Each structure stands twice: as structure tokens, then as C-alpha cells.
Amino acid sequence: MDYKSAHGKDNSGYQGEETALPIVSNDNELKKETLSDGQLNYIKDINIELNKTSTFDETEHYPNGNVDDHNNDQDLVLQKKEFDLQNANCYSRGIMFVQRSIIDFYNTHNQMIWRIVKIGMLLAFFAYFAYAMYYSFGDEGSIRLLVCTIFGLTLLAIHYLTGYISPSLAKFNEFLTNPKYDKIRRIIRWALYVINVIVTVTVIIVLVALNNPENILSIAGLAAFIVICAATSYSPAMINWHPVFWGFAIQFYFALMILKTRWGYESFKWLGDRITEFLDYSNAGASFVFGDSATIQPVSAPSFDIVGVYKLHLFAFSIMPIITFFSTFIAILYHLGVMQALTKVTGRFLSFCLATTPAESLNAAGNIFVSMTESPMMIRPYLSKMTSSELHAVMVGGFASIAGGVLGVYIGFGVPADHLLSASVMSAPAALAISKITYPEVEIPIILPEDYDNVDDVQEGNVIEAACSGAIVSGKIVAAVIVNVIAFLSLLKFLNATLTWFGDRVGVENLTFELICSYVLYPIALFMGTAPADCRQVAELVGIKTFTNEFIAYQKLSVLIKNRKTYNAYVAHYGEGFTHMEGDDLVLDLQNGTKLIRGIMSLRSEIISTYALCGFSNFGSMGILLGTLSAIAPNRKPTLAKLVMRAMITGNVACFSTACIAGLFFQEFD
Numbered sequence: 051m052d053y054k055s056a057h058g059k060d061n062s063g064y065q066g067e068e069t070a071l072p073i074v075s076n077d078n079e080l081k082k083e084t085l086s087d088g089q090l091n092y093i094k095d096i097n098i099e100l101n102k103t104s105t106f107d108e109t110e111h112y113p114n115g116n117v118d119d120h121n122n123d124q125d126l127v128l129q130k131k132e133f134d135l136q137n138a139n140c141y142s143r144g145i146m147f148v149q150r151s152i153i154d155f156y157n158t159h160n161q162m163i164w165r166i167v168k169i170g171m172l173l174a175f176f177a178y179f180a181y182a183m184y185y186s187f188g189d190e191g192s193i194r195l196l197v198c199t200i201f202g203l204t205l206l207a208i209h210y211l212t213g214y215i216s217p218s219l220a221k222f223n224e225f226l227t228n229p230k231y232d233k234i235r236r237i238i239r240w241a242l243y244v245i246n247v248i249v250t251v252t253v254i255i256v257l258v259a260l261n262n263p264e265n266i267l268s269i270a271g272l273a274a275f276i277v278i279c280a281a282t283s284y285s286p287a288m289i290n291w292h293p294v295f296w297g298f299a300i301q302f303y304f305a306l307m308i309l310k311t312r313w314g315y316e317s318f319k320w321l322g323d324r325i326t327e328f329l330d331y332s333n334a335g336a337s338f339v340f341g342d343s344a345t346i347q348p349v350s351a352p353s354f355d356i357v358g359v360y361k362l363h364l365f366a367f368s369i370m371p372i373i374t375f376f377s378t379f380i381a382i383l384y385h386l387g388v389m390q391a392l393t394k395v396t397g398r399f400l401s402f403c404l405a406t407t408p409a410e411s412l413n414a415a416g417n418i419f420v421s422m423t424e425s426p427m428m429i430r431p432y433l434s435k436m437t438s439s440e441l442h443a444v445m446v447g448g449f450a451s452i453a454g455g456v457l458g459v460y461i462g463f464g465v466p467a468d469h470l471l472s473a474s475v476m477s478a479p480a481a482l483a484i485s486k487i488t489y490p491e492v493e494i495p496i497i498l499p500e501d502y503d504n505v506d507d508v509q510e511g512n513v514i515e516a517a518c519s520g521a522i523v524s525g526k527i528v529a530a531v532i533v534n535v536i537a538f539l540s541l542l543k544f545l546n547a548t549l550t551w552f553g554d555r556v557g558v559e560n561l562t563f564e565l566i567c568s569y570v571l572y573p574i575a576l577f578m579g580t581a582p583a584d585c586r587q588v589a590e591l592v593g594i595k596t597f598t599n600e601f602i603a604y605q606k607l608s609v610l611i612k613n614r615k616t617y618n619a620y621v622a623h624y625g626e627g628f629t630h631m632e633g634d635d636l637v638l639d640l641q642n643g644t645k646l647i648r649g650i651m652s653l654r655s656e657i658i659s660t661y662a663l664c665g666f667s668n669f670g671s672m673g674i675l676l677g678t679l680s681a682i683a684p685n686r687k688p689t690l691a692k693l694v695m696r697a698m699i700t701g702n703v704a705c706f707s708t709a710c711i712a713g714l715f716f717q718e719f720d
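In short: position in the sequence shown from 1, add 50, done, that's this note's numbering.
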């Protein structure tokens, strides 16, 4: 050790009696070195200084040479005690010999061992699967097992076959990018344009215009939204219509499959029912924590038991636990690599079809599964060097989608799960398409195609730690949701009371924020293809979602859905004609004057509303997303601040365009 360089003094100046002191060497073995008294005192001074740690905010160094980095959450690792094997008894030496032999064998053959284990587990599952299909095939359980098996095998095939097909993909990529193939690519591109236009026009005429001509209004509304976005574009002359065309084409075919074919509708309905069934398992934890049963003792009547006490406070004690449960499950899927595989595949597909860059495509794909604050974390190494158009696309993707956790909340409200799922998927290409109109690429991107594989690795050590992390993270989400709902509902109540007071001063009764939105945003509801009788209600929901948040809007939509079901049951029992309107409320005359607040909407209007509200595009979310992206890429904060308002409005338009496609193909199935 060079004491002069470390302490500013020459080590030759230390004199005194020599003392033996154990020093930790680089190979972690205790050795004896001979030091003078002066050198010993110097070592003691260093140890005293090392032990003076006044804060845990910075990296701490310990006398044994180990480091604890609190900023990176690294665990404390202390030096192990030295152990002399010769001093152990025969039993201990035998056990340690066996342990070391097993460890050495595993370290030498670990790849072969795990390969055998995986093959064995796969063969065991195939044996179980074959017998299960033989034992009982045709019921819902067997179909569920078949679907899950196909899905799992698809993920395995993608994981293990990617390396084998990489050369073919490289040749195909060369064909897509090499200038010498420009003419061929141009011919193929225009041929695909023409084919898709012919197919689209034919489908609209045959399946929509001839059967449901009123649905044509939705396609006119979509065209109006596109024209408005192009007119207000940052650079209209630079708009690349290729991603716009294929973004809406993907939406078109996806909606055609889900909403116009029985097999597509039944498939997504089945998937939605399974997700609803899965989320119901959150009731087990909620009932244990908040209580499930209670005994009621009236003053002058016998006592009775009630079950489901926690559901008396539905939002806090029944709906919010869904977020915790689903967040935990998503964290486990991330640890297992399932979410990364889904995101990469979807991102590659979007980038291939829309010719968008890998970073913005990955972000759009991630927004299908996670929230607008989590998806950018997958591309955080690149946010600082993304173009303004790419940053705008990232923000629009966040505003035009919802998170998997809150998806369960909306399902808990009673919103159709199958349409929420399809809206989440359809919003990804819509967000990219609309964002490339409102803010086209005016800079040269520097993100390379190889960046597909640079998704952040999992930090958790095992499944249990991943589950705990997911549960802990959900606590912040639950708290944010609850306080936001309390705050905005209170503000909305205050705003309505204030507007009503001002209205009363001039003879305008019941002037409220919802009433104003129902008239101001009426054209937007009409453009989406909503029936004129329902436009005010849909416009009201859009206004609440934009100026407060989507939770309140979906909660009000759930009331309208329940109203329609109540009205249908009433008509089935008593017949039509035994109702009257009181303002915007519908009164059921033969059911003790039951009042359906805000009336009812048609099923088609409910579906259009479901798609239009499916996004975080509101003023409150602007601050959340801006804060998240600014923390990841602080050097881009000025650019992000300029883009956030445009991105929020564009995210709303993306949701409206998705609602237009849904309104175009809407069809009731028995």
C-alpha cells in the first residue's frame, strides 16, 4: 500500500515497535503483515473515518472492503468467516464433501441438467394434455386448456426459433431496405394499397351499407377527424401517409374480425369472460382483509347474517383490490419473460406494417398491456435521443390506452370486458396513425432496428420477489386512484353547484358541467356514429373523461348500462309505454316510480362510449406523463413540455377514431 499517495505522507516516517495485524487481501484471505506503530495508528484512523457514515443516501464503504450501494438497492454483503475444514468432525467433512461434489457436478453440467429438466417437464405436460383431451373434449374447460396450450407453445416457438430464422429475416430486411429493390418495393406497396382499398370498400358496402346504413355515419366521422388532424398538423407537407393507411387498416381488419364475425365475437367474449372470472379471485383477499360476513341485530326483530360486507363499500374494498391482484400477476409475467415476448412480437408487427421506428413501436405495443408510465421504461435508454415526432408518438400511445390493472376496475364497474380488450389492442395502431398526422417525422431518427431486443431486463431475483414488488407498486396506484376520484368528484360537485347558482341568477335551471359538455361536445359524439337521441349522453361522458378522468366517466357509463338492463327487464314484464321522462331521467311508472338517472342509451351507443373512453387522455394525466418522461430523459423536458398538450388532444382523437371503427361494424349477436 502506498501510504504517501493515500495519506499525503511518506511511509518511511513511521517508526516504532512492529505489530502483527490481520489485513484483508484482494483474494479475501486473511494474511499477517508486519506494521510499525505509526502505520497501525494510520490504519485505525482510516477505519474510524470509514465507520463515520451519517447518511444512507450515498455508497457506503465498510472496513472489510465490501460496498453497499443504497441508491441502487444492492443488498449488504459482509465478509464470511474463515473456516478450517481440518478442524471439523467426520460427519461435517462428509456432508461438505457431498455438497461440494454436487455443486461441482451442477456447475459443470448445469446446461445439460436444465435441458433435461425442461424436456422432461414438456413431455410430462404433453402426456397430461393428451390424456385430458382424450378424457373430456368439447366442454369449456377442455377448450380453455387447448387455447392456453397453443398460446404457450407459440411463445416457446418464438423464443427458441428466433435464432434459426434470423438469417432469413436478415435477407428479408435487406430486401426492405436495399435501394436496388426500390422499384419492386414500390410496385408491391401500391398493389397492396389498391387491394386493401378494394377490400375495404367492398366490405363496407356489403356488410354495412346494405344491412346497417345508419352505421355509415361512423366512417364519415373518421374521415372528418383525419381531415381536422391534417389541417392542424405541425407540418402538413411532411405527413407520411403510409403509417396512417396501415394503422387504420389494422384497426379495420381487427374490428371486422371481432365485431362482424360470430367466431371473432365469441372468441373475444370468451376471453373477456375468462378475464372477468380471473379478476374475481381478488375477492378472496378483499373479503379476508375487509370482512365478508356480519350479524345484524335489529332492535325489535331477530338477528340475521349478511354476506359480502366488504362490497358495501364497493369502490374502495371490492374494486381497488383488483388493481393489487392484477398488478401482482403482471409482475410475475414480467419476471417469467411473457410480457417481454408479447411486447417484442407486437412491436415488430407494428413496425413492419406501419414503418415506424422500433422505439415508438415497442412503446405502443407495451401500452396494450401496461400503463403510460410503465411502458416508456422499456425504451428509457433511447428517450434522450428520440426525435420530437417519436416522443410525440410515445406520449400519444400513453394517452390513447389504459393499463391492465385499471382494465379490471372498469370490468368491475360492469363495462363489457371483450370490448375493453379489443379497444386496448385497436388503440395501439390508431395512436401511431393519428400521431403521424398531427406531428409527422421532420427529423432523421437514430434508433436502429437492433434495438428491438434491448428491453429492460427483470430486476427481481425470483417469482416471490416479483409478486411482492408488483403488490407494493399497486399500493401507489390504488392510492393515486382513490385520492384522484375523491378530489375530482368533489371538484365536480362544487363546479356543478357553482354553475347551478349562476344559472339560477338568470333563470337557467340545472346548469351543470355535464349539461354544458353534452351540448359543446355534441358534434364529436355525432361524428363517432352515435344515434342523435344518445349524442348528449355520450358527449357528457367524453367531457367528464377529458376534464376529470376516465374512472368517473366509466362509473357513469356503468350506471347507464345498468339502466338499460333494468329498462329491458321492465319492458319484458310490463310492456312498453308505462314510462315518462322527468328532465333527463326516465321514470318507470309500474315499478313504484323507479327513476333511472340520466335515462338509457342504446347498446350501440354504449359500445361506442366504451371505445371512446378507453384512454388516459385527460388534463390530470398530462402532469403524470410529463413528470415520468422528464425524469427518464431530463434533457428532453423542454420538448416534452411543448408536445404534451398536442399529444393529449391527439390521444383523445385516437380513441374517437377507434370508436368510429367500432360504430361502423357494430352488430348485435344473440
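Everything labelled a hint here was simulated from the structure, so no lab data went into it.
Treat the hints loosely; a few may be bogus.
To be verified - Once the Cα atoms are required to be at most 30 Å apart in a straight line, the calculated DSS-like pairs of lysine-lysine come out as:
#, residue 1, residue 2
1, K221, K435
2, K615, K319
3, K361, K543
4, K615, K543
5, K310, K645
6, K233, K221
7, K435, K645
8, K526, K361
9, K435, K615
10, K612, K543
11, K310, K526
12, K687, K543
None of these values were measured; they are calculated from a predicted model.
### Message
When the structure is checked against the list of hints, which entries are broken? Sort them ascending.
### Response
5, 7, 9, 11, 12
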